[in-house]
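Using the sequences and the hints given, assemble the complete structure.
FYI, in our numbering the residues of the sequence shown are -14 to 74.
Each hint should be verified, as a subset may be incorrect.
Listed next, the in silico DSBU-like pairs over lysine-lysine satisfying Cα-Cα at most 35 Å (straight line) [unchecked claim]:
1) K71 to K(-10)
2) K(-13) to K12
3) K71 to K(-13)
4) K(-10) to K12
5) K12 to K71
Think of the hints as simulated: they come from the structure by calculation, not from any bench.
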Amino acid sequence: MKCHKIDGYGEEALYPSLRDPGLLANKPLLIDTVLHGRSAPRRNGGEEDLMPALEFLTDREISAIIAFITNTWGDEVLLVSEEEIKAAR
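The structure is reproduced here in structure tokens:
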């Protein structure tokens, strides 16, 4: 929880919040982000930030991460099947 912090709010101008309703309700974006990572320029104009790809994890582990994020900071848990993750690889 280093980048997004224990409360999921991230760090202003550095790392995005995991509490964004638009993110939490977007199953394809969540799957893609966890599997393939993301890069974006820092909002403060510094170096590019990178969320590493987690493709080395199993489909079950990716599913568990998404369930944890949405259950902890969303309105409801978003269940993603191992088959959905396998198809996104």
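**Request:** Sort out whether K(-10) lies within 35 Å of K71, counting only the CA atoms.
**Result:** Holds, at roughly 28 Å.
**Asked** If you draw a straight line from the CA of K71 to the CA of K(-13), is it 35 Å or shorter?
**Response** Roughly 27 Å separates the two Cα atoms, so the pair holds.
**Prompt:** Would the pair K(-13) and K12 pass a check requiring their Cα atoms to be no farther apart than 35 Å?
**Reply:** At roughly 23 Å apart (the allowed maximum being 35 Å), K12 and K(-13) satisfy the hint.
**Agreement of K12 and K71 with the hint, judged by alpha carbon distance not exceeding 35 Å** = holds (14 Å)
**Pairwise hint evaluation, K12 against K(-10), where the allowed Cα distance is 35 Å at most** = Status holds; Cα separation ~22 Å.
Hint check: no violations occur; every hint is consistent with the structure.
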